[in-house]
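Enquirer: Chain by chain, the residues:
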Amino acid sequence: MRVSYNWLKEFVDLDISPRELADRLTLAGIAVERIEETGKGIEKVVTGRIETISAHPNADKLVVATVNTGAEKLQIITAATNVRAGDVVPVAVEGARLAGGLVIKRASLRGMESRGMMCSGRELGIDPATMSPEEAHGIMLLPPGTPPGRDAKKVLGLDDAILELDLTPNRGDCLSVIGVAREAAALLGLPFRQPQAVFPELEENISGKVKVEIEARDLCRRFVGRLVKNVRVGRSPLWMQQRLRDAGIRPISNIVDVTNYVMLELGQPMHAFDYNLVREGRIIVRRGREGEKITSLDGVERELTPDMLAITDPSGPVAIAGVMGGLATEVSKKTTAVLLEAAYFDPTSIRRTSKALGLRSEASLRFEKGIDIDGCAGASARAVQLITGMEAGEAVAGMVDNYPGLVPEKTLSLRSERATHILGVEVPREETFNILTNLRFKVEDTGNEMLVTVPTYRVDVSREIDLIEEIARMYGYNRVPVTLPYGLSTAGIKTGKQAFLDRIQELLAGSGLYEVVTYSFVHPRVFDRMNLPENSPLRDTVKIQNPLSEENSVMRTMMLPGLLEVLAKNYSRRVQNGAVFETGKVFYPRRGDSLPEERLVLSAASMGRTAGSWNTPSREMDYYYLKGVLENLFRELGTAPVAYRPETANPSFHPGRTASLETGNEKLGVLGELHPDVLEKFDIPEKVTAFELDLAGLLAVSGRPLQYGALPKFPGIERDIAIIVGQDTPAAEIMDTIRSAGGELLQSVSLFDLYRGEPVPEGNQSMAFSLKFQALDRTLTDAEAGERTEVIARALAARFGAELRG
Amino acid sequence: MREKLQELCHEALQALDAAGSLEDLNETRIKYLGKKGALTQVLRGMGKLSAEERPRIGQAANEIRSAIEERLAARTDELKVAVQEQRLRREVIDVTLPGTPVQWGGKHPLTRVRENIQDIFLGLGYVIAEGPEVETDYYNFEALNLPQDHPARDMQDTFFVSGGNLLRTHTSPVQVRFMEKTAPELPVKIIVPGKVYRRDDDATHSPMFHQVEGLAIDRRITFSDLKGTLDLFAREMFSPDTRTRFRPSYFPFTEPSVEVDISCVMCRGKGCRVCSHTGWLEILGAGMVHPRVLEVSGYDSEEVTGFAFGMGVERIAMLKYGIDDMRLLFENDLRFLQQFR
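In order, the protein sequence lines correspond to chains A and B. Residue numbering for the first sequence follows my numbering, beginning at 19 and increasing consecutively. Residue numbering for the second sequence follows my numbering, beginning at 3 and increasing consecutively.
One chain only, chain A, in its complex shape (with noise of 0.2 Å):
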């Protein structure tokens, strides 16, 4: 909503500058979020009438024109082909500035001096989109008995302060002038003007030429209907034009001008139908009918249903009630008489009928949020007085008022301890008395409690705590108090898995990786990307029945399509090393209407090579780079022993480089190579390393308590032992075998050396192990530590058929 600071000036006395006045309305909940100065840096621009104008001797293009600004004639050339001798326009003379920061010079144009500029809407800074194109393009025209030699700014009304609001719904009372005038009257303490509209009717009455049906009674609370006759349409008067362009409205005739400057002033909508084109001038309101349809004022053809509200007349619907009129009845240059409606709709039909059409317009905006069902009469009659007063018709006698809806006063108990225990503060009583007073509540204090009577435009205002709401922000929130909470003291807590989330951040972060966030919907294809099966589970999705974009459509079932994307988007970047991880939700849809099941996971994916340095070689981050991060982060978690198996029917996967990850019988997850195909799909050029593991199943089997173990007091002695075998044979199996042969005496063992390659044969590698033995209560001899190296190199021989290497 825009408001003028000068129309507010209409209805109460204001004595801060427009500022100020937004400062204070802000502070009491209505937003003002700009002040915009109409006219500012605009200077020098008056009246003129042109008094001749003549071809230019040069050019074809130009004209001459001599033009009287009262002081002066001056001689300017002008391109326009909108002006003629008698115009008023508004010219800048030399010196003038203009919207956009241009300034007016002499100037000499093929030969023929010129002395000053005529101006068009837009040079003026009128927001063009609030112009017809022939006056947003041409040169702005004057009524053509403006005197010359008048500020044109003050001439066109451009000296004024519109405040741009930012309303919260429930304020839909203050979508008007007048609102906001009694919200600043409230709050400076200053008298409130309440319009009244006196206005010259004829002799004949509206009765028997007009008559109101309203059916559907519970869509349409309240129809007032007033004739006015003898109208001559044309343009309204310049200050109310451009009080509608100040408020954003494009003014059209002076007929719907008044009835768009009543609703920006009353926060009435109204309509205005041609009287002579509504069949006996009977207006029906009733609910659509399935099938109808009407052609609305801007030309579409929509269809009504009976879920709509429309006016209707004999031969049919004439209006989509609250929403927009119809062309059929529009009002038009042969319009000689008109039919004002001031209405009031039922809220929620017009909100849903306004979204089926995808039609929104001032007045539906208004409607929606409910209107002042008092102020219909008011309003229109204030119609009829702007149009008598510019004589633009004449009124017939008496309105219709069916109003069937006619609703009780409201009134609310308030008790000032209640206030006191919500506020924390203790407004006094008095005080109490005066806000609400002010605000044009009514009041009568028992004693007790206050009993207080809403006015009929607060809709917002239905239970003793929306008028603790309203003695709070009158009473200033900044004068309330600043305290805190005092009570049974607690302890601030994360759960469990909360603190174990923030643990594995933590600890991948500290291994090299970035945590990414990327969005939870995915595109569809993502799964055809990942190279999943037409029947793969995973393709179940929860589907977003009105996403933005097919890219964002469905809730994702895995986050690794995520995290490829954003290695890719980085190589494509040229940052073609990096490892990154996420923490976040998958979706899997259940039966029916219940909420999908969320499961959290842990996803990493790994590209390219470490930062390497002068001192150190960069590595690969491989599959071995991010099986060591997950070792390391199991081993912080306290998590049970994991075990690699090799999975090689994966179909994101590279088939030899995959490991399921389980612990017992329950699998936590995959880690391994992307599948090259993938790889294709999403456009990486580099190998991708990625896990994907699910937070729960690891939550479960992690968090063995830490537990001291003795010192060794003796020494211990560490072998080496180095064997041939089969390079097929997993590492982790003869790792276990070391650890069974080795018995109680072995206290570790570590694989320091992996080699292929001559002289080891074809087919086989050389495996070195050093290996710690350990007893707790002497000292070892080497001859024991022998005897164990020996049964472990005979367990080797035997499983896997290893050779000792010399």
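None of these hints come from the bench; they were simulated from the model. Backbone N, C-alpha and C fix where the C-beta goes; we use that ideal spot for every residue, glycine too. Among the clues, some could well be false.
What the hints assert, rightly or not - Here are the computed distance ranges between Cβ atoms for each label pair:
| id | chain 1 | residue 1 | chain 2 | residue 2 | range |
| --- | --- | --- | --- | --- | --- |
| 1 | A | Ser758 | B | Arg337 | 44 to 52 Å |
| 2 | B | Leu99 | A | Glu182 | 29 to 37 Å |
| 3 | B | Glu80 | A | Ser631 | 39 to 47 Å |
| 4 | B | Asp121 | A | Pro324 | 35 to 43 Å |
| 5 | A | Glu51 | B | Tyr323 | 40 to 48 Å |
Keeping the supplied structure of chain A fixed, place chain B upon it in accordance with the hints.
Expert: This is chain B only, laid out in the frame that chain A set:
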């Protein structure tokens, strides 16, 4: 004999002085003081001396021995220092070369900010609560005093999934879920971090973003407690001299409702581009829990009161780190992420 000793002493001291290394010194020591050394040799001839002379010569010999030993010790120290110095000179490194890299990554800025917010409220005795990201209409709207056709539903353009369910548009449904589980126990003090979704996508909106919600319910919680809590939060989160401003606002599930501004983090309230020259930045919405929300959640709204607040993590991250485009937070460009470690 005395002359001999004198000469020996002189010779030994000279040799010690001439010794260029610890090895030379050692040789010199052996040569003069060793078991078969010169001094011993000389003393061996003592037997031939008279009983009167013997102690005198003995004393002289001892004096010579200590003179030599003293010099030896001095020279040893000198040479040790020299050797050490030499070694240290040899071992000079370029201390300006970069250190051995340690693999280090980083948490996402949104995680950092979320943890920051969480920590402040954990310190105030709040517990963390969570809820589903796909929600029912009831928890996301109805229970929060947003019935069907409520105009305020338009404030939150919603993504729908099947079964009338939706992607939650705020973390507030967790308020109701948590209270339903907890009622009638008191107090309730939770914070709810999480992802939320709205149909919006431009430089200042993302269809998925993050909120942190807070809720405190007890017998005598007031609006002034809400102010105090959020004022403290703002100072902890931004800086101790941060000022707060409370503006009336509207949310269907709180009343009175408030929008909280902080003094601009860039210009300290003087007015700049970031705060649109107002000196204030809007950072969160809050209010006293609406009686109807308490009622549907199982609390007696006459008995208990409470406040709730909600803030956008992206907004705070952008202010805190000076990020000017929200999309950067979801592009995951490593060069961007590397700036947060």
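Enquirer: Does each hint fit the structure? Answer for all of them.
Expert: Now for the hints, and whether the structure bears them out:
1. A:Ser758 <-> B:Arg337: 44 to 52 Å: holds (50 Å)
2. B:Leu99 <-> A:Glu182: 29 to 37 Å: violated (60 Å)
3. B:Glu80 <-> A:Ser631: 39 to 47 Å: holds (41 Å)
4. B:Asp121 <-> A:Pro324: 35 to 43 Å: For Pro324 (chain A) against Asp121 (chain B), whose Cβ atoms are near 57 Å apart, the range 35 to 43 Å is violated.
5. A:Glu51 <-> B:Tyr323: 40 to 48 Å: Given a distance of about 26 Å, which is not inside 40 to 48 Å, the answer is violated.
Of the hints listed earlier, those the structure fails to meet are numbers 2, 4 and 5, in rising order.
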